[in-house]
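Please construct the entire structure, taking both the sequences and the accompanying hints into account.
Residues per chain are reported as follows:
Protein chains: 2
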Amino acid sequence: MRRFVADLSRNLTSQRRKKLATCALRHRTCSLFSSSQSQSSVVIPIRFLNTTSVDPSMASDYSGTPVTLDTINPKVLNCEYAVRGEIVTLAQKLQDELKENPGSRSFDEILYCNIGNPQSLGQQPITFFREVLALCDHPTILDRAETQGLFSADSIERAFQILDQIPGRATGAYSHSQGIKGLRDTIASGIEARDGYPADPNDIFLTDGASPAVHMMMQLLIRSEKDGILCPIPQYPLYSASITLHGGTLVPYYLDESTGWGLEISDLKNQLEAAKSNGTSVRALVVINPGNPTGQVLSENNQKEIVEFCKKEKLVLLADEVYQENIYVPDKQFHSFKKVSRTMGYGEKDISLVSFQSVSKGYHGECGKRGGYMEVTGFSPNVREQIYKVASVNLCSNISGQILSSLVMSPPKVGDESYESYFAEKDAILSSLARRAKTLEAALNSLEGVTCNRAEGAMYLFPRIELPKKAIEAAKSANKAPDAFYARRLLDATGIVVVPGSGFGQVPGTWHFRCTILPQEDKIPAIVTRLTEFHNGFMDEFRD
Amino acid sequence: MRRFVADLSRNLTSQRRKKLATCALRHRTCSLFSSSQSQSSVVIPIRFLNTTSVDPSMASDYSGTPVTLDTINPKVLNCEYAVRGEIVTLAQKLQDELKENPGSRSFDEILYCNIGNPQSLGQQPITFFREVLALCDHPTILDRAETQGLFSADSIERAFQILDQIPGRATGAYSHSQGIKGLRDTIASGIEARDGYPADPNDIFLTDGASPAVHMMMQLLIRSEKDGILCPIPQYPLYSASITLHGGTLVPYYLDESTGWGLEISDLKNQLEAAKSNGTSVRALVVINPGNPTGQVLSENNQKEIVEFCKKEKLVLLADEVYQENIYVPDKQFHSFKKVSRTMGYGEKDISLVSFQSVSKGYHGECGKRGGYMEVTGFSPNVREQIYKVASVNLCSNISGQILSSLVMSPPKVGDESYESYFAEKDAILSSLARRAKTLEAALNSLEGVTCNRAEGAMYLFPRIELPKKAIEAAKSANKAPDAFYARRLLDATGIVVVPGSGFGQVPGTWHFRCTILPQEDKIPAIVTRLTEFHNGFMDEFRD
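Sequences listed follow chains A and B, in order.
Each residue of the first sequence is one higher than the last, beginning at 1 in the UniProt record's numbering.
Each residue of the second sequence is one higher than the last, beginning at 1 in the UniProt record's numbering.
The set of hints was computed from the structure by calculation and includes no laboratory data.
Just so it is clear, the structure is predicted and the values come from calculations on it, not from any experiment.
Fair warning: there could be bad hints in the mix.
Repeated chains share a single entry, so a pair holds when one copy, or any two copies, can fit it.
To be verified - When the alpha-carbon atoms are kept at most 27 Å apart in a straight line, the in silico DSSO-like pairs for lysine-lysine are as follows: (1) K389 - K226; (2) K389 - K476; (3) K389 - K349; (4) K269 - K304; (5) K93 - K349; (6) K389 - K93; (7) K181 - K99; (8) K99 - K389; (9) K181 - K93; (10) K339 - K311; (11) K389 - K480.
Dropping the structure here:
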């Protein structure tokens, strides 16, 4: 299969880009559905990056132990997660090397543009959120005089409010398995204020970030490899990984790069029918909005079409809405799928919809806190009970993450002591992210053979690179996917870590990488310079 | 099967207790292995408690939605988790009822003895731990003068140390997927100090409590229902739930109640052989030490036999050691399985061993923080890489939980400013727990038809009740397992919540319940009185 894709791209790269896209689009159905292998797990190109290299000598030392690669769960073996894959391991080695021998490279630090992890790159937390968390962690200082000098009045008040919502004020106790009821009330109010439609605290399941929530839904829906989940390509690899781990089939639908990563209902329909005719029972549709890795923000009309499609085809709509606060263009707005479906007149019993939210994204970027929730609507009480049961096996999510989730959905308001500083911090982060997105997008588009859609939202750019035939051949010799080869060379030359497009899936024969917009603003010019120099050199080396 | 168990117990309860145990033990192999149903998922008695009652009218309102109980993953449907099951839902309803109509019952509060959740029952957190967590949450106050007045000098120093271990001091960033390296160093040193043998920080995987770690290992080991995991009965139902969710087979071995819940190697051997002859490939052995729900502490000799058994039979040893700090009797001591296996001369490459630890238990009981780790030894680098990959799909565990895990394994030392208060807090909790265990154990043993082994460790008592025939018949009429019937009546009459033994598994025909020793000491006399009065009344009502 690897050779097939390589051959395909060799045939295609000599053609013009527009033609390539059309051609590859024509080929893709065949490449994705022609073999049973592609049906049984995930989109093939994802397999490229991370293949485990089995060194028999390593295993033989452990011949006295019972577990080998041959005897572990093959679903684990097949699962791929490129965001923390091979390229990141290499980057970490390079970082150690730089620490031991400073000056051994032409750069002095590794710039991790592989992952949406803002605070790892110097973004500061929102003060109000951290004040409240600290006070809830150590409530005995709430009544002390010194505390007034150290914390804002409204953070103290909020901490009191939150503690009053926790039975026995016990932030060290397991909570209700869906999360503390009072915090779910706050979150439901936040959703109501955002959408203008009612939200029920009993629909909220607080989780350790969005990932466990996604796993929970996949676990519920997937019975065997005959169950399919419609997933965008490119996609955030949590979805392909989770579907693989739960033994289901990823049914891909392609976002259309030529229309700014638009979602074509006709393509959805085609892929659904193709899957059905292969005997796959499609259970759900994943939509990531704003998009990851693609950065597009769906129009309300497009969202309505998607809701209608799910309604008609009896699919659960799994809406990844973790980037709802990350919108960088004035002509786009975030609308939750719940709001859109309610606007269309669909109520609780008309459509099954799960919305995922996380404290890791937004302007706050509190990845390390592992907070998040899913809002589960349109499931019968009997099925809901099963979701609750699965949640209860893990007892509950972490309480700091729960508290932070409530804060994110109910930040300081006009008139609160913290409001001005809160708003200034938030605005500074979001407007800087918008500037960074624009600068990087322009820089990428100025490179030979590179085109990049704008980042309307989320935290990423996903440029497409037309790689010279020679580069593709060099990649083949190095036993790498061409985009992984490019990313590896980029890392070696500049210390910039990006994730090859094959980690997210892409139209076969096209090559991309995902680059976050998260490095601090003062580093952006250097990144642009280094990237440009590297790219020019790379093209000079391999130009056909 | 339900009738079989009821009939069995009806036949047995008229005999003397000693005889009953022997007889039931003789019957158990047949009841556990006679049908393919028992092989395919979990021990049958567990099925009793939580069976979902499908009310067709509830589902029909949702006829427009795609997901029904018939179309969800049957593994989810089959999974049971009694600790938060039906009885707890009832207790919550009763609590609401009491809130609305105080005085409507003969008791004024619900006493949750169903779950090891100390802080929910009033246990206070360890001050030093919370000081450090608060400072790491809001490090900008570290340099402020007021902070000196509010926090101990060593908590400030520790917070600085921890922040220095975190790249960019970013407590809001995703960490390495195994957890922050510096914290793993601290934990490894803590393990070394505990065991007297080296520990490698690269063997540590920090997790959101022990549950996700257990799931991770089950996911790795279980390929199909033909893979079996040896599990103690009674067991903590996380294990049966996780095995069911991952589609494997629980192979039970019985702890011997008559020898203080001893673990008989001959029984292990018999169950392993029986499973093998049924075509089950047994992959691992779960041992919970100190025991949950049974409270026993294994002797070092018994541990050596277990290690030898795993070595010989090529089984992964999954050692649940989350209660390692909870030992209440002077004649017992905790020894980690790693220490025991090293003492026997087995090194890294001789035995595959995973030790689970959690911040939720011990004297600190920080359940809400969801911190914990597993120490993974004796797996080849290739297999280890797969465990890392699965961890990386969920990015990382929460940083507060990671920090707390490091604190638990490295608390204040003699000479530190906090040491005295830390030691006093710890000692007060542990010695009070020992007193509570003794009082409750004595009270239970004084009840008609009740025998209770001592709680040498952990947080639970697991008394056995010889229920009168009439009670068993009444339970049958009410469509309840006899122990669930008893627990329900206990809740109704006293507000005390315990978990029926069927939630943990028990020798068929015997009945138990699990009761925590966690209510605050001033409530224990009232619990004893209420429990005694209820039990006497129950026996009077149903005595044969």
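Against the structure, the hints come out as follows:
no.: 1; hint: K389 - K226; result: both (24 Å within a copy, 25 Å between copies)
no.: 2; hint: K389 - K476; result: between (48 Å within a copy, 25 Å between copies)
no.: 3; hint: K389 - K349; result: within (21 Å within a copy, 38 Å between copies)
no.: 4; hint: K269 - K304; result: within (15 Å within a copy, 61 Å between copies)
no.: 5; hint: K93 - K349; result: between (52 Å within a copy, 26 Å between copies)
no.: 6; hint: K389 - K93; result: between (42 Å within a copy, 17 Å between copies)
no.: 7; hint: K181 - K99; result: between (48 Å within a copy, 15 Å between copies)
no.: 8; hint: K99 - K389; result: between (48 Å within a copy, 26 Å between copies)
no.: 9; hint: K181 - K93; result: between (45 Å within a copy, 14 Å between copies)
no.: 10; hint: K339 - K311; result: within (15 Å within a copy, 58 Å between copies)
no.: 11; hint: K389 - K480; result: between (44 Å within a copy, 20 Å between copies)
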